[in-house]
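Engineer: The primary structure of each chain is shown beneath.
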Amino acid sequence: MFVVIAGGGKVGRTLTRMLTSRGNEVMMIEQDRRRYQRLTQEFDESVMLGDATEIFNLERAGIERADVVAAVTGDDEDNIIICQVANHKFNVPKAIARVNNPENQEAFDVLGIGPTVSATNSLLSLIEHEMPTHKLVHLLNLKKENLEIVEVMVEEGSSLSHKRIEEIELPAGVLLISILRDTHALIPQGSTELRAGDQILAILEPGREEELTHLFLSE
Amino acid sequence: MYVVIVGCGRVGSALALGLISEGHKVAVIDEDEDALQRLGEDFPGDFVHGVGIDIKALEKVHTENADAFVAATDGDNTNIVSAQLAKERFGVKSVVTRVYDPNRAKFFKEKMGINTICPTADTIDLLARAVKSEVAS
Chain A
1 MFVVIAGGGK
11 VGRTLTRMLT
21 SRGNEVMMIE
31 QDRRRYQRLT
41 QEFDESVMLG
51 DATEIFNLER
61 AGIERADVVA
71 AVTGDDEDNI
81 IICQVANHKF
91 NVPKAIARVN
101 NPENQEAFDV
111 LGIGPTVSAT
121 NSLLSLIEHE
131 MPTHKLVHLL
141 NLKKENLEIV
151 EVMVEEGSSL
161 SHKRIEEIEL
171 PAGVLLISIL
181 RDTHALIPQG
191 STELRAGDQI
201 LAILEPGREE
211 ELTHLFLSE
Chain B
1001 MYVVIVGCGR
1011 VGSALALGLI
1021 SEGHKVAVID
1031 EDEDALQRLG
1041 EDFPGDFVHG
1051 VGIDIKALEK
1061 VHTENADAFV
1071 AATDGDNTNI
1081 VSAQLAKERF
1091 GVKSVVTRVY
1101 DPNRAKFFKE
1111 KMGINTICPT
1121 ADTIDLLARA
1131 VKSEVAS
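In order, the protein sequence lines correspond to chains A and B. Its first residue numbered 1, the first sequence is counted upward by one per residue in our numbering. Its first residue numbered 1001, the second sequence is counted upward by one per residue in our numbering.
FYI, nobody ran anything at the bench for these hints, they're computed from the structure. Since the model is a prediction, treat every value here as computed from it, not as a measurement. Treat the hints with care, as some may be off.
To be verified - Partner residues are not named here, just some residues of chain B that face chain A (Cβ under 8 Å, in silico): (1) Val1011; (2) Val1048; (3) Thr1078; (4) Val1081; (5) Glu1088; (6) Asp1101; (7) Lys1111; (8) Met1112; (9) Asn1115.
As the list claims (entries may be wrong) - Derived lysine-lysine pairs resembling BS3-like cross-links, with alpha carbons at most 30 Å apart: (10) A:Lys144 <-> A:Lys89; (11) B:Lys1132 <-> A:Lys143; (12) B:Lys1109 <-> B:Lys1056; (13) A:Lys89 <-> A:Lys135; (14) B:Lys1109 <-> B:Lys1060; (15) B:Lys1093 <-> B:Lys1111; (16) A:Lys10 <-> A:Lys143; (17) B:Lys1111 <-> A:Lys89; (18) B:Lys1025 <-> B:Lys1132; (19) A:Lys10 <-> A:Lys163; (20) A:Lys143 <-> B:Lys1025; (21) B:Lys1025 <-> A:Lys89; (22) B:Lys1056 <-> B:Lys1093; (23) A:Lys143 <-> B:Lys1093; (24) B:Lys1056 <-> B:Lys1106; (25) B:Lys1060 <-> B:Lys1132; (26) A:Lys94 <-> B:Lys1111; (27) B:Lys1106 <-> A:Lys89; (28) B:Lys1093 <-> A:Lys89; (29) B:Lys1111 <-> A:Lys143; (30) B:Lys1132 <-> B:Lys1106; (31) A:Lys94 <-> B:Lys1106; (32) A:Lys135 <-> B:Lys1056; (33) A:Lys144 <-> B:Lys1132; (34) A:Lys143 <-> A:Lys94; (35) B:Lys1109 <-> A:Lys94; (36) B:Lys1093 <-> B:Lys1132; (37) A:Lys144 <-> B:Lys1025; (38) B:Lys1106 <-> B:Lys1093; (39) B:Lys1056 <-> B:Lys1025; (40) A:Lys143 <-> B:Lys1056.
Glycine residues also receive a C-beta, built at the ideal position from the N, C-alpha and C atoms.
Produce the entire structure from the sequences given, and follow the hints as far as they go.
Structural biologist: Spelled out as structure tokens, the structure:
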């Protein structure tokens, strides 16, 4: 795979290192001359100097044959522009953007930029995941496919506890994928009985969360 | 009409004052609070401290009610993103943005439907014409 990485900060550097070690070809673009000079010592020909929001520099990086572009600079507007140019000018199959300020997430979404990665949102999901009282955790949003994968726990006293899957009336647009019980993951079948404390992975259409949470709550 | 202007530098502030003097309603957004000084003490329009890609700042000045939107900060990428937000998120019909880089100005105009004005390309054109007319005369 050939990956163009815009931004040679900690994220860009680590990505380049990991992708290269797995046999991928990478070109990292860094606009700060001093940082670029330090980067050349480790990355040699895999790093170039330039502003990645300049179309000309993306061309020099070989974006036309890139399989993936990762826009991971520290500027959200730059990351948006890089992804738009990659997608709409060079038809790059996948352009991934880093969201620095979580308040800008909506801007990325409105402009159809994605997938996006935000450290803040990832941390939030992880923390939610660790909270014993969490109701529903978003694990993955597949925006283009209009689907999301969530985790929800069968609460003590829920009407679902001790019910078999086939007895449960799931809301339309919801499918249970697996049940995490103790340390095992089970693939649910009609005869599988739910227990309090089970963590359920479900795939659903966005907007169905409330119906699902409602079903799993205690009465 | 109601015009929202992002960027209160020489261009943004002069545009705001010009529109006000013609009797239009204007709101200005700039990331530098001191930029308000360019508008004068008795500026009758709104001034909001914020960046152009911040949807909250755009909401504060009711961009959804704007008849026109102008992005004129000194950052090309900020201008392009805030212009697109005005169009896509707030439904502003008339959106104009300044973009210094001719390549980006051309791409976003032709492919992304953003009305970009490129002072660099215009200056090159003017200079070329001036040179030719000097030589001819």
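Engineer: Keeping to a limit of 30 Å between CA atoms, is the pair of B:Lys1056 and B:Lys1106 held or broken?
Structural biologist: Holds, at roughly 29 Å.
Engineer: Is the straight-line distance between the alpha-carbon of B:Lys1132 and that of B:Lys1106 30 Å or less?
Structural biologist: Roughly 25 Å between the alpha carbons, so the hint for B:Lys1132 and B:Lys1106 holds.
Engineer: Has the given pair, B:Lys1111 with A:Lys143, been kept, meaning a C-alpha gap of at most 30 Å?
Structural biologist: 23 Å, holds
Engineer: Are the Cα atoms of B:Lys1056 and B:Lys1093 separated by 30 Å or less?
Structural biologist: 20 Å, holds
Engineer: Tell me if B:Glu1088 is really an interface residue toward chain A, meaning its C-beta lies closer than 8 Å to one of theirs.
Structural biologist: 5 Å, holds
Engineer: Can the restraint linking B:Lys1056 and B:Lys1025 be considered satisfied, given a maximum Cα separation of 30 Å?
Structural biologist: Given that 30 Å is the threshold and the Cα spacing comes to 20 Å, the pair holds.
Engineer: Would you settle whether the hint for B:Met1112 is holds or violated, based on the nearest Cβ-Cβ distance to chain A being less than 8 Å?
Structural biologist: At about 7 Å, which falls below the 8 Å cut-off, the nearest Cβ of chain A leaves the hint on B:Met1112 intact, so it holds.
Engineer: Between the alpha carbons of A:Lys135 and B:Lys1056, is the straight-line distance 30 Å or under?
Structural biologist: 29 Å, holds
Engineer: Starting from A:Lys144, check that the Cα of B:Lys1025 is at most 30 Å away, please.
Structural biologist: Cα-Cα ~39 Å, so violated.
Engineer: Straight-line Cα separation of B:Lys1093 and A:Lys89 no greater than 30 Å?
Structural biologist: OK: B:Lys1093 and A:Lys89 at ~24 Å, within 30 Å.
Engineer: Would you mind confirming whether the straight-line C-alpha gap from B:Lys1106 to B:Lys1093 stays at or under 30 Å?
Structural biologist: With a Cα-Cα distance of about 20 Å, the restraint between B:Lys1106 and B:Lys1093 holds, given a limit of 30 Å.
Engineer: Has the given pair, A:Lys94 with B:Lys1106, been kept, meaning a C-alpha gap of at most 30 Å?
Structural biologist: 23 Å, holds
Comparing the model with each earlier hint shows violations of hints 1, 2, 9, 11, 13, 18, 19, 20, 21, 25, 33, 36, 37; every other hint is respected.
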